[in-house]
Amino acid sequence: MLKKKICMVGQFGVGKTSLVRRFVESIFDERYLTTIGVKIDRKDVTVGSESVTLMLWDLAGEDDLAQLNVSHLRGASGYILVVDGCRAASLNKAVELQRRIAGQLGPLPFVLVLNKADLRDRWEVQDTAVAEHGWPTFETSAKAGSGVEEMFLALAGKLLQ
Amino acid sequence: MNLLTALGFAVFERSGEASFRLLGPAPHWLPAGSVTEAFPFLEVFLPDAEEFWADRGARTALYSDLWTQGGATGDELHFCAIAVAGERKLLLIECAEQRFQQARSFVQYAHEASLAREQIAKLTQAKTEFLARMSHEIRTPMNALLGMVELLSETPLNDEQRKYLQVFQRAGDNLLNVINDILDFSKVEAGQIDLENIEFDLAQVIQEAIEIAAVRARAKGLALVNRIQPNVPTLLIGDPGRLRQILLNLLGNATKFTDRGELTVLVETDSDQPVPGALHFAVSDTGIGIPADRLSTIFDSFSQADASTTRKYGGTGLGLAISKRFVELMGGKIWAESKPGAGSTMHFTARFSVADAPKPVAEGSAPVVIRNRGLRILLADDSEENRFLIRGYLKDSGCIIDEVENGAEAVEQFKQRAYDIVLLDAEMPVLDGYSATREIRALGATPIFLLTAHALREARARSFEAGCTDHLTKPIKKATLLEAINKAVPAASVSDRIHVPVEAWLKPVVGGYLEKRRGDVRKLRAALDCSDYDTIRMLGHQMCGTGGGYGFEPITEIGSALEESALASDSARMRASIEDLDRYLNNIQVE
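Residue numbers (the numbering used here), protein chains in the order written: chain E, 168 to 328; chain B, 582 to 1172.
No wet-lab data here; the hints were simulated from the structure.
Fair warning: there could be bad hints in the mix.
Straight line, CA to CA, 25 Å or less: simulated SDA-like cross-link-like pairs of lysine to any residue [stated by the list, open to error]:
id: 1; chain 1: B; residue 1: K708; chain 2: E; residue 2: R287
id: 2; chain 1: B; residue 1: K1059; chain 2: B; residue 2: D740
id: 3; chain 1: B; residue 1: K703; chain 2: E; residue 2: E263
id: 4; chain 1: B; residue 1: K708; chain 2: E; residue 2: E291
id: 5; chain 1: E; residue 1: K210; chain 2: B; residue 2: G614
id: 6; chain 1: B; residue 1: K670; chain 2: E; residue 2: R241
id: 7; chain 1: B; residue 1: K670; chain 2: E; residue 2: G242
id: 8; chain 1: B; residue 1: K670; chain 2: B; residue 2: G638
id: 9; chain 1: B; residue 1: K1104; chain 2: B; residue 2: T1027
id: 10; chain 1: E; residue 1: K325; chain 2: E; residue 2: R267
id: 11; chain 1: B; residue 1: K1059; chain 2: B; residue 2: D1013
id: 12; chain 1: B; residue 1: K703; chain 2: E; residue 2: L200
id: 13; chain 1: B; residue 1: K703; chain 2: E; residue 2: A284
id: 14; chain 1: B; residue 1: K708; chain 2: B; residue 2: L776
id: 15; chain 1: B; residue 1: K708; chain 2: E; residue 2: R289
id: 16; chain 1: B; residue 1: K1097; chain 2: B; residue 2: E990
id: 17; chain 1: E; residue 1: K210; chain 2: B; residue 2: G655
id: 18; chain 1: E; residue 1: K310; chain 2: B; residue 2: A691
id: 19; chain 1: E; residue 1: K170; chain 2: B; residue 2: P621
id: 20; chain 1: E; residue 1: K170; chain 2: B; residue 2: E631
id: 21; chain 1: B; residue 1: K1058; chain 2: B; residue 2: R714
id: 22; chain 1: B; residue 1: K976; chain 2: B; residue 2: R1099
id: 23; chain 1: B; residue 1: K1104; chain 2: B; residue 2: A989
id: 24; chain 1: B; residue 1: K703; chain 2: E; residue 2: D231
id: 25; chain 1: E; residue 1: K170; chain 2: B; residue 2: L658
id: 26; chain 1: B; residue 1: K703; chain 2: E; residue 2: T295
id: 27; chain 1: B; residue 1: K703; chain 2: E; residue 2: A256
id: 28; chain 1: E; residue 1: K310; chain 2: E; residue 2: R209
id: 29; chain 1: B; residue 1: K1058; chain 2: B; residue 2: V730
id: 30; chain 1: E; residue 1: K170; chain 2: B; residue 2: T654
id: 31; chain 1: E; residue 1: K171; chain 2: B; residue 2: G651
id: 32; chain 1: B; residue 1: K801; chain 2: B; residue 2: V786
To give an idea of the chain B side of the interface with chain E (calculated C-beta under 7 Å), a few residues [stated by the list, open to error]:
id: 33; residue: E624
id: 34; residue: W648
id: 35; residue: Q650
id: 36; residue: H692
So these bits of chain B aren't anywhere near chain E, every CB distance computed over 10 Å [claimed, not checked]:
id: 37; residue: S596
id: 38; residue: S600
id: 39; residue: G638
id: 40; residue: K744
Virtual Cβ for every residue (Gly too), placed ideally from N, Cα, C.
Construct the entire structure; sequences and hints are all you get.
Written out as structure tokens, the structure reads:
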């Protein structure tokens, strides 16, 4: 079956691992467990009439101690920039990561994900700040499950085009 | 190889192009299939490994990052790949559980600490915003309340009414102090509060605290006794406001928890600190007392002796915590002694400096008055009560006050005429005081006072950043406002005033005449803007013929100049004449 590698990138604690877990296992865990290095999962999906195996590479969130290792995106068909809607700084980090990735690997399909939609009333990230980039954007809640599958399938569809 | 397997390694040797052969037994965690199929992570590691094997340099091994994936049993396992240097191209896959857990515990701690710091910063910001809003909401009505008390005190009152009013005023002032202290509580916690260091009379501070506390104590039939030992120096240097607040807090609690008997305030020198100015205070009551096991915790924030205490007696439980901080800042300590049912004594010590000589008594000092008569003041405030208060404060000052209700109106009004002072409320509809300050500041250097109920330092900083001359915090006292005006408009400005004697029979019509001329200034400016020199000539002609008749010769001269310059189409001269007229009208003082 066709395989597509998709990488999850973003600041630490934005919910990358939770999004993958919600998508692959339909589970959400309140506990925060930081990702070390890379966590690799797979999920078979059907987009239209085509079946594809998504290899989901959940890359450790960038923090003050460690930078994203862009070489982990080698061979990726696309990536997902994850932002925590409650932390304005996480959008800045996503913008910075997108520039670095594009700078080193060239143009790759990606989507921007504003996670933690269940806490929408506490969001710091302004719609205007997101809109100014003109990127394909999804709102998700790994906790409630809303928007998660749609987002992964939308990217998968884009990769199959 | 068995040893390596036992240690958690699977060992492979590169046997061909992207082909690896397992050496030794397969560990139980090794997924089925080729090594590259079993471990997708290798697709990013092997290119680096190939480079390493080709040119290893001085290194003996190349380690990959850790990765996590499902193992042969379906459990989540953590791995690391190692390319080993040597004649043979060996690839080790380590099941690195222990290393992973160590790395995770370290990074997890760092991330949780970082997230907690972000959360604390957000909460602190929210608290500051809440305090600023609360400050504004409380101070706005307090401004009207205390201002009216001040105006009331200037009206004829009998002795009894005056005494009530004094208690009202002092209680209001003290309430404001309490509000200020609560607002500052977070800064106290952060160690950012500054104590004042001014000369004060200890006996007076204690007397004031007792007078305020006595109102409630008397209502409960409690006696209030004040004992200052004779060897206590009463003229001190320190923070009388904070000391008063500590005493009021302790006396307030003593009154609250005592139904019969008496309250005593004792002040003596601190026997443990034999230095001048080190004092020991004790506030005793004959109330319900405090259980022994709670004596040490009552000074914690939001703590009361019993949850039922809050229900029965009210209070935030913050007062003793604030007092404790103040006492510590004064170089002392606070503690409690109590026998349940027999009463409590709250002790505290504090260190002050002893003042050298008594200050001249301020009693009988002259009230502040505006030095410059006839100042023209622009006042913008959407609250009718606050405008009424400012009018009341300035009613005998000889100032002319133009009132508007928002910042946009203030800017427009300012463009119409020159003002000596601009008073702007910070929070107004349409255009707030900060924005109005910026716009007016761009038009000239007139002193601008921002009147705000925001007491936090950030609000002051915001005012000055906008360009105001001074920031007056509501409730504003009359003397504070008048002193600020005197300071901003030096006496020298008086010399700009033009005193014009007017015959008595003309006085009733002079006001209307001058007002029409002020209207002419607006018409002249508008006419100049659209090069309507005929209108300028006509207005100039009218002024030329009337000014002298009222005793205003300069108006005649300016009118003549306007007429001539309009005929000559000399716009620069017309503009100068219009400004001369505006200045003359603003500075004129009819006598």
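Verification of the hints:
{"no.": "1", "hint": "K708(B) <-> R287(E)", "result": "21 Å, holds"}
{"no.": "2", "hint": "K1059(B) <-> D740(B)", "result": "22 Å, holds"}
{"no.": "3", "hint": "K703(B) <-> E263(E)", "result": "23 Å, holds"}
{"no.": "4", "hint": "K708(B) <-> E291(E)", "result": "17 Å, holds"}
{"no.": "5", "hint": "K210(E) <-> G614(B)", "result": "19 Å, holds"}
{"no.": "6", "hint": "K670(B) <-> R241(E)", "result": "23 Å, holds"}
{"no.": "7", "hint": "K670(B) <-> G242(E)", "result": "24 Å, holds"}
{"no.": "8", "hint": "K670(B) <-> G638(B)", "result": "15 Å, holds"}
{"no.": "9", "hint": "K1104(B) <-> T1027(B)", "result": "23 Å, holds"}
{"no.": "10", "hint": "K325(E) <-> R267(E)", "result": "22 Å, holds"}
{"no.": "11", "hint": "K1059(B) <-> D1013(B)", "result": "24 Å, holds"}
{"no.": "12", "hint": "K703(B) <-> L200(E)", "result": "22 Å, holds"}
{"no.": "13", "hint": "K703(B) <-> A284(E)", "result": "19 Å, holds"}
{"no.": "14", "hint": "K708(B) <-> L776(B)", "result": "22 Å, holds"}
{"no.": "15", "hint": "K708(B) <-> R289(E)", "result": "15 Å, holds"}
{"no.": "16", "hint": "K1097(B) <-> E990(B)", "result": "21 Å, holds"}
{"no.": "17", "hint": "K210(E) <-> G655(B)", "result": "14 Å, holds"}
{"no.": "18", "hint": "K310(E) <-> A691(B)", "result": "23 Å, holds"}
{"no.": "19", "hint": "K170(E) <-> P621(B)", "result": "11 Å, holds"}
{"no.": "20", "hint": "K170(E) <-> E631(B)", "result": "24 Å, holds"}
{"no.": "21", "hint": "K1058(B) <-> R714(B)", "result": "21 Å, holds"}
{"no.": "22", "hint": "K976(B) <-> R1099(B)", "result": "23 Å, holds"}
{"no.": "23", "hint": "K1104(B) <-> A989(B)", "result": "21 Å, holds"}
{"no.": "24", "hint": "K703(B) <-> D231(E)", "result": "19 Å, holds"}
{"no.": "25", "hint": "K170(E) <-> L658(B)", "result": "22 Å, holds"}
{"no.": "26", "hint": "K703(B) <-> T295(E)", "result": "21 Å, holds"}
{"no.": "27", "hint": "K703(B) <-> A256(E)", "result": "12 Å, holds"}
{"no.": "28", "hint": "K310(E) <-> R209(E)", "result": "20 Å, holds"}
{"no.": "29", "hint": "K1058(B) <-> V730(B)", "result": "10 Å, holds"}
{"no.": "30", "hint": "K170(E) <-> T654(B)", "result": "23 Å, holds"}
{"no.": "31", "hint": "K171(E) <-> G651(B)", "result": "18 Å, holds"}
{"no.": "32", "hint": "K801(B) <-> V786(B)", "result": "23 Å, holds"}
{"no.": "33", "hint": "E624", "result": "6 Å, holds"}
{"no.": "34", "hint": "W648", "result": "4 Å, holds"}
{"no.": "35", "hint": "Q650", "result": "4 Å, holds"}
{"no.": "36", "hint": "H692", "result": "5 Å, holds"}
{"no.": "37", "hint": "S596", "result": "23 Å, holds"}
{"no.": "38", "hint": "S600", "result": "19 Å, holds"}
{"no.": "39", "hint": "G638", "result": "19 Å, holds"}
{"no.": "40", "hint": "K744", "result": "53 Å, holds"}
The structure is consistent with each of the numbered hints, conforming to all of them.
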